[in-house]
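Residue numbers (the working numbering), protein chains in the order written: chain A, 89 to 425; chain B, 89 to 425; chain C, 89 to 425; chain D, 89 to 425.
No lab work stands behind these hints, which were simulated from the structure alone.
You may find that some hints are simply not true.
No distinction is drawn between identical chains; accordingly, a pair holds when it is met within one copy or between any pair of copies.
[Said to hold, decoys possible] With a Cα cut of at most 20 angstroms, we get these calculated SDA-like pairs of lysine to any residue: (1) Lys182 x Gly416; (2) Lys156 x Arg335; (3) Lys133 x Tyr225; (4) Lys283 x Arg256; (5) Lys408 x Pro389.
For clarity, every value in this text was computed on a predicted model and none was experimentally measured.
4 protein chains.
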Amino acid sequence: MIVVMSPNATKKNLENVLKKLEKLNLRTHLSEGEDRTIVGVIGDKKIIANLEMEMMAGVEKTVRITEKYKLVSRDFHPLDTIIDVDGVKIGGEKIVVMAGPCAVESLEQLRETAQAVKSCGAEILRGGAFKPRTSPYDFQGLGEEGLKLLRKVADEFGMKVVTEIVDRSDLELVENYADILQVGARNMQNFQMLKALGESKKPVMLKRGLSATISEWLNAAEYIMSGGNENVIFCERGIRTYETFTRNTLDLSAVAAIKELSHLPIVVDPSHGTGRRTMIAPMSKAAIAAGADALMIEVHPHPEVALSDGNQSLTPESFKNLMNDLNGIAKAVGKTL
Amino acid sequence: MIVVMSPNATKKNLENVLKKLEKLNLRTHLSEGEDRTIVGVIGDKKIIANLEMEMMAGVEKTVRITEKYKLVSRDFHPLDTIIDVDGVKIGGEKIVVMAGPCAVESLEQLRETAQAVKSCGAEILRGGAFKPRTSPYDFQGLGEEGLKLLRKVADEFGMKVVTEIVDRSDLELVENYADILQVGARNMQNFQMLKALGESKKPVMLKRGLSATISEWLNAAEYIMSGGNENVIFCERGIRTYETFTRNTLDLSAVAAIKELSHLPIVVDPSHGTGRRTMIAPMSKAAIAAGADALMIEVHPHPEVALSDGNQSLTPESFKNLMNDLNGIAKAVGKTL
Amino acid sequence: MIVVMSPNATKKNLENVLKKLEKLNLRTHLSEGEDRTIVGVIGDKKIIANLEMEMMAGVEKTVRITEKYKLVSRDFHPLDTIIDVDGVKIGGEKIVVMAGPCAVESLEQLRETAQAVKSCGAEILRGGAFKPRTSPYDFQGLGEEGLKLLRKVADEFGMKVVTEIVDRSDLELVENYADILQVGARNMQNFQMLKALGESKKPVMLKRGLSATISEWLNAAEYIMSGGNENVIFCERGIRTYETFTRNTLDLSAVAAIKELSHLPIVVDPSHGTGRRTMIAPMSKAAIAAGADALMIEVHPHPEVALSDGNQSLTPESFKNLMNDLNGIAKAVGKTL
Amino acid sequence: MIVVMSPNATKKNLENVLKKLEKLNLRTHLSEGEDRTIVGVIGDKKIIANLEMEMMAGVEKTVRITEKYKLVSRDFHPLDTIIDVDGVKIGGEKIVVMAGPCAVESLEQLRETAQAVKSCGAEILRGGAFKPRTSPYDFQGLGEEGLKLLRKVADEFGMKVVTEIVDRSDLELVENYADILQVGARNMQNFQMLKALGESKKPVMLKRGLSATISEWLNAAEYIMSGGNENVIFCERGIRTYETFTRNTLDLSAVAAIKELSHLPIVVDPSHGTGRRTMIAPMSKAAIAAGADALMIEVHPHPEVALSDGNQSLTPESFKNLMNDLNGIAKAVGKTL
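Just need the whole structure built from these sequences, with the hints factored in.
Structure, rendered in structure tokens:
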């Protein structure tokens, strides 16, 4: 349920509302807009069903939320949430770019990539240390060694680190090195891991599952938020369809959907979303035009020898060209790059 | 097969090449670029398999095309094709906008819509006279009466007409009134109709089938082109996926794919592609950013009483706002609106 | 709307009901069960909305149908419909088998196949004379020559003919030779052709579209039935999914769905449904176990040289083995082969 | 790589082959057929690439496996694997039935269900103690209390227990109570959990992911087998498609595919696969006809008050009727129930 306070409600009015709700053991979530405050309420359904708040001083009206997700809902929190990743802000006017190799392979590879992408404006270094691979016989990532390299190189170039966590028992380990914890598509409904991430202090980037609906995705984020971690970033990375020309079908309408239904920011990953190098530039432009807050792009200094996903990685040079092209689009939608 | 002439080939060299191919009953397709001419060759596979052209004067090399589609392929015709719809050019620097109601309902409805969209810059009037409907008991369109209204109103406002043809026996009738013949998603592989359209002089807009692959779509266009009609325009209108939040999943990566594989222009229809009014603006922007040549948008003066697809139609006012917003995006990709 | 007559309603009661409905220009559809008669009513929605039939003598109750399809609905017609194809009955206790090559290629090919399949119990000869092919450069079928061969060979072996019609202008031609008119997956929503088939006297086999929902499929059948042709047979032939191991995903739950929602019979085509020879036998058994009324199986005397779909065709020998295996399954579900 | 021994190879020949492979640090997997032994070889790809075994005494030939999965492949192990679940054998002549409620709710519910299903022939009791739910606010299962109830009731009625494990840290706990460890669709590619299950001594039932290809599914099983646990059972539970009439699209062709590509047994779950009570019986029959080794069916004494999935649960009475009907189908494919 949402309790909408009237524009001229006093501080005292609000306190009384919150006190009443707390007495009933209900959790509240404040969202202070320019002219009114909105109180989101979650907890025991039966108690909420019988709540009568309209007669309290300062309450304009109450709205029942029928969707199962509450905390992620824009109804609950009408204003855009901006997530502060140790100084880099995702969800505001500035488009954030995350770039780097699919998998961390070596110090040289990572350093070469980081230098190149940072000089073009990328602020967050991406790279997989734990790789979820279809076959047990494929390269599974460097593990903690990879995390150390990410941290070391990111610090060297003044960047932040986003990297995937594939098991909840690795949480403490990955938290030690990463600034954003990435949940991969295959783990979007690994609910035990989501619950664990709900207790982390680090922002979580939640990739959309291979065939997850928008509603399932929002509910997966609700698992994290209901655990107490309010810093959730969505990442559209393509869905599975019948089409085989592209690796996945990048669903940019998901950007518009998330912006409509939720207050949380959204990143687009055109590298996994298309699986084709030539499509990364047009889809990056389209993503920003559609309203995405950030991009996540695979860059490899030598894609032809990459240990994974080489044919969807940009070279540093083509990444540079792309960043130049994106400027105009960002401006056209009232943002900066 | 493609015969690539060398930059310094003479006119005589080219004539000899063409003469040789014609003697073998092969069809040729000329594509004259800035510094070299390319000759596309189609016909009996066995004859082509034994062709030896490399030793002829002026021939630089030959390339075998492995894809089944030839005439639609960018290999065959490297430069962008611009289609001239009686003065309105689709595929060039200017983004073309097609707008109008889902179905033609009355003279008033059409006139009110045409005036509104024309004043904002739309050049082509859309509207269905023959409606393919899931149920036989739903409104099937006004038929020829609808075509007459479209022509009358378009002429009144100096616009062109695009409208759907649902059966090849209607070809002559629809040609009499329309400037562009639209093939709907359900008929994308109605091969008999495609063959008939191959003999028309009017441009054809070929919507992507509900679950058509890029390759099937290109081959469907090849049916039209191989019949002799070179004026084919693709239209992405969303594909069918598991997602239910949107009516279809608008696949903007199809824009990038078509631009890479073919020389023909592509339109995006965000109205059918999303089925949600609030998504039309962000998806229109994204479409242009991705490289689309034109947009097709449903506008209805009173969406709440529309006979079909009311909840995916813009009002004239929101259409006006959209057109303003699109300007900046068009500029950012080097085009005009 | 459905008017359910009470078990002890008299013939006169029924006549009065029908008379009243006819006066209102409503169409009626009688379904006489063992102990009661059901009158299906279709026509002007507003008139039906105001109908009050419950007080008429002999009327037990009325039921409003919310689905758009009426005539195909089991609510309208509770008992199974058995379709009589010139003596061969589809929809009853005997499982009917349709077999033959994908495309008619020659008299020898067809005769060899017909002899083989007839001797194992197949009663209907299948074969394409008009082939809808993805590429305009692929073999498009022998046309009328193919129809003549089908008729000649079927008559020779005492079989019936099922063959595809790809354009409504071919209707008279195909009717002359075929016993069942097949609508292919790509034409399931070619509504103009469905309307034309509604006026034919020949049974129509309606294949499910590549990505048609059960509801769209039922509505497509309603187009045929509402035109006056009550002899419609469904054919499940696999739907398009993300899976690439099989050509399509054969959806046997569609058999159960059709049996629940409609009174019309259903055929399963495991050849197109899987695209893999080794899967035809297990899927044929499963289809019958699920309740299918008939099977449609591609058999080619020499699959390795077939002009189309060779790798999904059985040899006459493997077809024979399959027919033997099917006997037990048919018995287990109370049918015969 | 597979080393095929000749029919007259001696024991000594085989020993020499194994010795040579072990010296090279390659792992071997023996499969002894009626007339020849097959040695599967996995390990360092470069070493295998240079292996020359054909000249060794007793070796008939070697075959290179191009698929990434090895141990699950039928090439590696041509005969059907029968998995012994503490006396109940899955994969042999007898069809095994697993039945029980979706979620364990109480001792009474479980006991009432177990008694009913056991008396009809079900040998394995199913029931979720840890439930993966889309929303964090839905019933998440009774946890260890549920496991205890399952064990208690199963022992009471002489049944085995299959139940889901949702996190690898629960492995020891679930192993204490369950006879088969179920991996749910959402965790099919939770590779860390699969690796942990590879070290368990208990059989694992691996459900197919919501949009997993056959190949991804086989590779997921390879994760478990390559960890050392050879007792893997596949479970087809429906895939996600565009169709909304059913909860999922039950893909029975997956049964035929698994039987062709792998030696491991496969279970079909028509309850989740269709989500509709009326479809469970026809799909159960079809599954057995297609070659399934076992069925997994939701039964609830009072489906109308079930805490989850009530509308896809059979009542004990309808379960009894189903078991009777399945007898004939089992016989028709040479099995018993």
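(message) Could you work out which of the previously given hints the structure breaks and list their numbers from low to high?
(response) Those not satisfied: there are none.
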